[in-house]
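J.: Here is how the chains run, residue by residue.
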Amino acid sequence: MSSNSIRILAGNSHPALAKLIAKRLGTDLANVTVSKYSNQETAVTIGESVRDEDVYIIQSGCGEINDHLMELLIMINACKTASARRITAVLPCFPYARQDKKDKSRAPISAKLVANMLTVAGADHVITMDLHASQIQGFFDRPVDNLYGEPSVLRYIRENIPDWKNAIIVSPDAGGAKRATSIADHLDLDFALIHKERKKANEVSRMVLVGDVKDKVAILVDDMADTCGTLGLAAKTLMDNGASAVYAIVIHGVLSGKALDVINNSVLTRVVVTNTIPHAEKKKICPKLDTIDVSAVLAEAIRRTHNGESVSYLFGHATI
Amino acid sequence: MRNAKLFAGTSHLALAQRVATHLGVELAPVSLRRYTNRETTADLGCSVRDKDVYILQSGSMTTNDHLMEALIMVSAAKLASARKITVVMPYFPYSKQSKKKKRRGAISGKLVAGMLGVAGADHVITMDLHASQMSGFFTVPVDNLFSEPTLARWLAEHVVKEAGADHVAVVAKNAGGAKRVTALADRLGAGFALIHTDNAPSTRPFSRTPSTVALHTLPQTPRGPGMFATAVSAAMAPGSPLRASIERAESDEGSDGALDVRTIVDAGGRGKKKGKAKKAAKAKGADVDAAAAPRRAAFYVSPLTAAQEQPPTPEALELGDAGTPGVEISEVLNQSDDDDDDALDASRLLEMVNTPADEAGPSDLVHNAEALAQAAAGILEQRTHRALSLGRRPAAVPVDTPPSSDVPPMQRITSGTHLQSDPPVRPPVAVTSWHKKRTARITLVGDVSDKVVLLLDDMIDHPSSFLTAAEHLMVHCGARAVCIVAAHGLFSGSSLGEIEICPYVQSVIVTNSFPIPDELTTASSKLIQIDIAPVLAEAIRRNHNGESISYLFDRNPY
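Chains as they are written, first to last, in our numbering: chain A, 1 to 320; chain B, 1001 to 1558.
Everything labelled a hint here was simulated from the structure, so no lab data went into it.
In this text the structure is predicted, and so the values were computed from the model without any measurement.
Please note: incorrect hints may appear among the correct ones.
Straight-line alpha carbon distances no greater than 35 Å define the calculated DSBU-like cross-link-like pairs of lysine-lysine that follow [stated by the list, open to error]:
no., chain 1, residue 1, chain 2, residue 2
1, A, Lys80, B, Lys1100
2, A, Lys104, B, Lys1179
3, B, Lys1161, A, Lys282
4, A, Lys196, B, Lys1084
5, B, Lys1101, A, Lys178
6, A, Lys196, A, Lys282
7, A, Lys165, B, Lys1179
8, A, Lys236, A, Lys284
9, A, Lys284, A, Lys258
10, A, Lys102, B, Lys1096
11, B, Lys1161, A, Lys196
12, B, Lys1100, A, Lys165
13, B, Lys1100, A, Lys102
14, A, Lys178, B, Lys1526
15, A, Lys104, B, Lys1084
16, A, Lys104, A, Lys284
Distance ranges between label pairs, derived from CB positions [as the list claims (entries may be wrong)]:
no., chain 1, residue 1, chain 2, residue 2, range
17, A, Lys19, B, Lys1179, 35 to 41 Å
18, A, Lys104, B, Met1001, 26 to 32 Å
19, B, Glu1039, A, Pro143, 47 to 53 Å
20, B, Glu1157, A, Asp293, 52 to 58 Å
Okay, the calculated bits of chain A under chain B, using three or more residues with CB under 8 Å as the criterion [claimed, not checked]:
no., stretch
21, 26-35
22, 125-139
23, 238-244
Glycine included, every Cβ here is placed at the ideal spot set by N, Cα and C.
Take these sequences, add in the hints, and give me the full structure.
T.: Here is the structure:
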């Protein structure tokens, strides 16, 4: 009886992470071909039976984000029509997560649109990590497991940042204060806050530091780093205020545009990102980048989901 | 408004009346009744065929009934061939349940959004959603209005003008509110700061102001005679606010529920009278207030006390029935601005109920009750001497002397605290609470010394976290005064009473988005309600005329 075992499918967004996850689960990636027709339409072939199987499709929101989203939707739909018992979309980095509210007039809530598209395509369950706002869980009427990178970040700080006991956790904007305080609490450290007055997206005008970072190792914590303009300026602000060194730890390292130049030219000692988004190439250009591997968390969440065990254990504990 | 009808549910008639006045329309007739089995029924009293229907219903202390009422009205309008149905919910019920807390939480906000859509709402207008992401829960368009321009204007005209922008700081009492705080601070040109309470589970932040200490020791006494019994009977005496509110609740249930427009008008008028009455009381001075003190003390008795008093008097039974379930739920829910503490709060509640009686013996009881009365009287007296004192440090606020020093828990909290010159970041201060096991580390990030602090959040219900923050700001950080500012003021149970006797809070400024019984607003001298009816009316008008609503997001409509 091979019925209802785990099948791990991977799209083209992040094959390395998918391989790591499959390896940790002790299986191979299922045989799937995802290619494109010459007119740029995505073509998916599921190379083995998924009938009555528990299917997990790993696809991160990064790079060619629309192509990858479309791949995911088509794969979900292909499995649905191929009679999979249950289809779980595993999105280490949820695409369009920043468009989660009408922050100005007539702004679209694209995260909700993506949620609806996943549901319509046939996803029964969604596993994701550090949603930009956890309210996105409410955009689905399917179960959503929002995993946290925090335990892994805590472990990284304890193990890899020398003199972390003399550190201070800094949030680069007011919206992230909660995330920063949570980490500060767990490590029993102080925290500070940088308030930025933002005039346009991806453009920062003035920064105000609230809190005392003098002679301390400042650790900037955020959920997402895109162009790194904020991080660079924040690091400069911290150094100007007497910090002895500045680290940045970010869950989703999008690192698009001039991000690598900004990091290389900044006063940041190190920028740590998780591997929810591939950055192997970027590491070659930017020696300051470091990685936290979260494949264990995702693999364990998949295993627990498959076996019907509680996932909430993972919210507070890092897996090995 | 041509071809439009504005209906009001029973949750907040006063606000509905004001909105109607601003729009220059009459509230459309509707009969809302309860069957004897408590089912709600709605009967629209005029034709809505091919009309734009607006249904105003806020959240309230009987949320579920009023939600059901709104749903039934929407459904009734839908079946009556209304062209478009817009639900106006100034306070969106269940908006705090907008995400899964760490494990197995329901996203009830999403459920309510779905229910409105299923009932037939085509559009929703609401205000200051707890999380703006909630507008993604709906399948219909949502206009999330902001009270910030209205509040900011009032604050600019009253607080900032008197104290000067350099001497005003907007403060968040937890990290989650930091964004809201920086927005208001930018708008007012004021500084901002953040209070960080160490949330490690072993050191759950739990500190109470002295007044609250006294309150919470009260219920644990085994049917003590004397002060407590009189307090309860005083609370239930005919004409007392608590009694009145219960009677009102009962009559609401008993009556056939048809809207009586006269009472609506009355409600509007009472607001003005209240203001006069307050002025009169202040003019008469300390005597009047001292006389009022016992009544107030009675009013602060938590309904929980009555439920535990054995054997119950008929009044107590009544009180217990009306109050206890609500209090329990609010105790569990309302602490959770920090969002992840619900379970802990529940355990706190249990602990509170289970604390052995010997911790607060009868003698303690007398002490505490006396202290309560004394504290109330003292503060009231002091307040009469205090002019509009936003401009300078109110001499009345006892910073280094506790309101009454003979009560041990108060000493525990205030001992070893002194005013000193202030570095920008203070070391965390351990506050020992009434419960010996619990200590909390509170840190202020930022500087508030010699500033008027606006302690801002999107809603205030049970004020204990605000009071703890206010105490810290006044006692340890040298704040000049603390005003609590929130968009939605819920004030369940004895919340307003606790604020009233807290010496560290000067005033509490909220909008009238959520209905607060007149008895409670009259009894509270610190409560200031800002009218947001103009914003709602303008949003309805613009919506009806197909104009842009975004104008209202950062400006006042009048």
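J.: Decide, hint by hint, whether the structure agrees.
T.: Quick rundown of the hints versus the structure:
1. Lys80/A <-> Lys1100/B: holds (27 Å)
2. Lys104/A <-> Lys1179/B: This hinted pair holds, its Cα atoms lying about 15 Å apart.
3. Lys1161/B <-> Lys282/A: With Cα atoms ~53 Å apart, Lys1161/B and Lys282/A exceed 35 Å; violated.
4. Lys196/A <-> Lys1084/B: violated (42 Å)
5. Lys1101/B <-> Lys178/A: Within the cut-off at roughly 14 Å; holds.
6. Lys196/A <-> Lys282/A: holds (27 Å)
7. Lys165/A <-> Lys1179/B: holds (28 Å)
8. Lys236/A <-> Lys284/A: Satisfied, since the Cα-Cα distance of roughly 24 Å is no more than 35 Å.
9. Lys284/A <-> Lys258/A: holds (15 Å)
10. Lys102/A <-> Lys1096/B: holds (18 Å)
11. Lys1161/B <-> Lys196/A: Holds, at about 26 Å.
12. Lys1100/B <-> Lys165/A: holds (32 Å)
13. Lys1100/B <-> Lys102/A: Distance ~21 Å between Lys1100/B and Lys102/A Cα, so the pair holds.
14. Lys178/A <-> Lys1526/B: Given that 35 Å is the threshold and the Cα spacing comes to 30 Å, the pair holds.
15. Lys104/A <-> Lys1084/B: Within the cut-off at roughly 25 Å; holds.
16. Lys104/A <-> Lys284/A: With a Cα-Cα distance of about 39 Å, the restraint between Lys104/A and Lys284/A is violated, given a limit of 35 Å.
17. Lys19/A <-> Lys1179/B: 35 to 41 Å: At roughly 39 Å between Cβ atoms, Lys1179/B and Lys19/A fall inside 35 to 41 Å, so the hint holds.
18. Lys104/A <-> Met1001/B: 26 to 32 Å: holds (27 Å)
19. Glu1039/B <-> Pro143/A: 47 to 53 Å: Since the Cβ atoms of Glu1039/B and Pro143/A sit about 33 Å apart, the hinted range of 47 to 53 Å is violated.
20. Glu1157/B <-> Asp293/A: 52 to 58 Å: For Asp293/A against Glu1157/B, whose Cβ atoms are near 56 Å apart, the range 52 to 58 Å holds.
21. 26-35: violated (count 0)
22. 125-139: n = 7 at 8 Å, threshold three: holds.
23. 238-244: violated (count 0)
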